[in-house]
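Residue numbers for the sequence shown follow full-length UniProt numbering, beginning at 1 and rising by one.
Just so you know, these hints were derived from the structure itself, not from any lab.
Only a predicted model underlies this, so the values are computations on that prediction, with no experimental measurement involved.
Treat the hints loosely; a few may be bogus.
[Claimed, not checked] Dumping the calculated DSBU-like pairs for lysine-lysine here, alpha-carbon to alpha-carbon at most 30 Å:
#1 Lys-700 to Lys-532
#2 Lys-243 to Lys-498
#3 Lys-532 to Lys-831
#4 Lys-521 to Lys-498
#5 Lys-691 to Lys-831
#6 Lys-339 to Lys-933
#7 Lys-583 to Lys-700
#8 Lys-281 to Lys-313
#9 Lys-700 to Lys-665
#10 Lys-831 to Lys-727
#11 Lys-577 to Lys-498
#12 Lys-892 to Lys-864
#13 Lys-502 to Lys-411
#14 Lys-57 to Lys-91
#15 Lys-394 to Lys-383
#16 Lys-406 to Lys-383
#17 Lys-502 to Lys-521
#18 Lys-649 to Lys-281
#19 Lys-505 to Lys-411
#20 Lys-313 to Lys-933
#21 Lys-213 to Lys-168
[What the hints assert, rightly or not] Label-pair distances were calculated between CB atoms; the ranges are:
#22 His-85 to Leu-237: 26 to 34 Å
#23 Lys-245 to Pro-838: 36 to 44 Å
#24 Ala-954 to Pro-838: 54 to 62 Å
#25 Asn-367 to Asp-95: 28 to 36 Å
#26 Asp-783 to Ala-954: 35 to 43 Å
#27 Asp-783 to Ser-645: 18 to 26 Å
For glycine and all other residues, C-beta sits at the position ideal for the given N, C-alpha and C.
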Amino acid sequence: MASKGEPNAGTATNLKEGEIKTETIDNFAPQMNEGPEPGLNPSIIQPTTDAVTRKEKAVKASLLFLNKAESIVASHTIMFPEFKHWQDQIKQILDSIERPRVLVGVLGYTGSGKSSLINALIDEEMVVPANAMRASTSVVTEISWNDSDDPEKAFRAEIEFISEKEWKAEMDILLDDLKNATKGEDVSINTGSEASTAFAKISAVWPGVTLDKLKGMTSEELFHEIEGVSNHLDCNLDISDSKAKSFSQQINSYIDSNNKQASSKGISYWPLVRCVRIYTKAEILRHGLVLVDLPGLGDSNTGRTQVTENYVKNLTYVWVVADIVRAIDDQVAKDLMGKSFRRQLLMDGKYDDKYVTFIMTKTDMINTDEVIESLQLREHDLKEILLREEESLKQVHNCQEALDRKALKIKNINKALKTIMKIHKSSTSDRAILRKRKHTENDTTDLLPDNEEQSSVDLETPENQILERKHLVKRRAHSVKSVRALEKKLAEMNRTLKLIRKDIKAACTQARNRYTQEHLKIDFENGLRDLKQDIFHDTADKHQSGNEEEEKKNSVHHQRPVNQLNVFCVSSKGYQKLAGRFKRDRIPEGFASVDDTFIPGLQEYAASSTLMARTKIADTFLNDFNLLKLSVKSWAENGSPNSLSSSQKHKLQAMLEQQLGILNKSFGCAFETTTSRIREIINTDILPTLKDCIETSTIKTRQTCRDLTESDTSFQTWKAICRRQGKFNNKKKVNYDWNGVFLEPFLECLAKPWERVFNVQMRHIHNEYSRIVVAAINTFSTDIRPLLHDISEASASNLPVEILAKIPYLQRKTTTKISTSMDFTQSQAQKIHRLIEPLIQQHMRPAYHSCSLESNTGALARMKEHLLRHIMMNNENMYKEASKLLKKRLNKMTRTLEGLLSKAHIDTSKYLRKEIEDMIMVAVEKDDEAREKVSRVRNTLCKDLILELNTLEAAWVRSASEPVENPKSLNTDGKAEDDSSEDGEGDDFTCDTDCSDGSEGVESTSDEVEGS
């Protein structure tokens, strides 16, 4: 166990331009070093796998200590009132433990290989349905870690079904689509029309249904007619299996919208499913990673796309997946995400390389000739290897020609042998023999190659015939031997040529990967620049508050170099084959090992995406735990304090009140300044802009509506859009979003001040508040020192002075709470600006309803009149209501935020008051008999607690020096990491400068060692 420090060892911290330093109390007390500069976002600091793993080991050891300590003190809370406070702290710490949950959305067009990618990442052949010919995923599918150790539940799924109300509402729309089918259309053939799509969806849950049965049927009648539907709505279904293949087959009918096997046997449930959650023991999921397979963009099913859009706002990160063959032409980085989605990312502060990752799939599909020419590799990168290929081709050609000549020679020898055999069996007549001799001599001569010595042997006698035959057989054997040697040589040459071409294919794959990565990075940056130009070009800065230079300084985290964007080019097929799966398939060329498919690299990257969340959870736990641990340790290592007189107690209490008054005044001034600044930036930057939003949107929407009415959209599509309240995707992958169209001018006007306020200014204000609060706590620790010394001297105990050791942890706890309020602010900002679209949809309902009722001749023209008239009469009021809603919600958010910021410093003040008051109250007079009894019990408890503290600290030292258990999770910067501290005791498992807070200079000794 670390030796106890001197009573005055806990010197007060000194604040100077963000630098905080303290002397250590013991080996596990923190050393404060220079923190991040004020105003910078510390979340860009990526923790290492080693550091996080060690902290998590320390958390486990700390949990054991909490259980032991709680059992020791549980029966002595009356004799020692401070134990009750410990119990409250233990409960609070245990209740605050949470499991990391990092949602990574896999987003992309239908057929881009998302499901195959996920199957490769979790090292399974097929858990998530995947099909190269059409969309397989029709519902949101989450894949996360399986906690069950039951081998029969190695693969588990929870199927969440939609409600009865949702199903009936969708049936109303689908039945209406059928009623408005084009005259003479065969809806049973999936042509992509609204009616055929509706019939296909109804047929999925009602196999064998005919159009005649559906005529005139209501959604209520249909609900009662379809057997088995009501049993699944408004409920969840659990599925489990020990094998991946059989498990995948079981869940297929709930995910795959094209499962022919399921539909041929009976009902397909995918139209009734809202979400599927799959649990499996894939290594990359162990620490809280959740892969979310989202229905394809551009999908024909409206529900799929809508679910995807709603789900995206809850994601921690987004992976944009595209086929590498289409990646360049499709301008993936700009077009795949869509302008409205990119604008949301910008307003949310997520349009950056930390949130978005691009993954190009199917790198095994490559035409090397095209790549060589298009990337101009012939004269540069591949010049040498292409010359080797050319030389190898010549050698193969020459060897093949030599082989062909030898083969022809053998063929001619065989013909000659055949002729001799005929001569031998010819007629015995002399004339006949003579004729044959003359004829065959000429034949034999003609059959032999020119470069061979012609036989001059007289074939009149059988003896000469035999000699000639032996001669030919010998020559044939020699030629066959030569042919075999040439065939062996040719085979070797072909193998060499094949290896060269494999190298060429691998080089072309890598060159295309590099080109795609650079192109996407540039495309991503251009997309951000173009979006800002579109949004900002007509947005005046007359409402902007604050200093421009200050804002430029504090927006540095939004202008990181584009080369930091993560782009992966992978081959799921190549990885699966090289890993021994899909045994019937051929191994794709161009990959010497699984690493060349870059799936292992993506697995490491995916696993590392949980480090931030895991660090935050571990740091918060360990910081709160250390506050309690210091209390326990100080109590256990110090004897019972001497009693204080009543006058001493009142004097010390008065001194405490004075110092707390000064501290609370500092807190109050910082709080007032902070909240005043928050209201100022909202009142100055956002609220005045709303007037501009109303005026601009009112004008632009009228023209937008005219454009819609002048488009050549068909009557059936108009009806489908209006029946779906403004949103519809058809089979041709055309996305109609009229609500988004009417929303766009409003958000374009609002986006610039919104992004500036919530992603730049608000963060700076919180960071500044953290800095001031930390400085106030430091000042208090300096000013309170004489009081603590007085209490220590009067009570003959080190307990009061050792409170100073808690100051750094208390600072960190306070700044973490301030950071939490910043997270709350950004979360609320994301929710608030998304409220405008539902409001616009609500205002447009009367127009949509009127349009959906139209039919017969001239219906399309009347529908256009309804829409245009509604916009002309109501659009200004619609945007005024949107503005009013934003003001109301922003005001509510501000009040809640003020409460959170106030609570951060109030809790700190209360904690300090209670800790110091307890020191005063404990040292009260007791009679000798009671004191002796308390002393005996205290000595026993001290021994038990010191034993547990020793055990804990030994476990912490082991955790700091043991190598990381999981070698698969590598340091994200690719550098080797030191598995131990410099002295084996340097890692105190106190949290770093919180990766998401604004604290200044709060950094642990452990990470100083690890980072060196």
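Output the indices of the hints that this structure fails to meet, ascending. Failing hints, ascending: 2, 4, 6, 7, 9, 12, 13, 16, 18, 19, 20, 22, 25.
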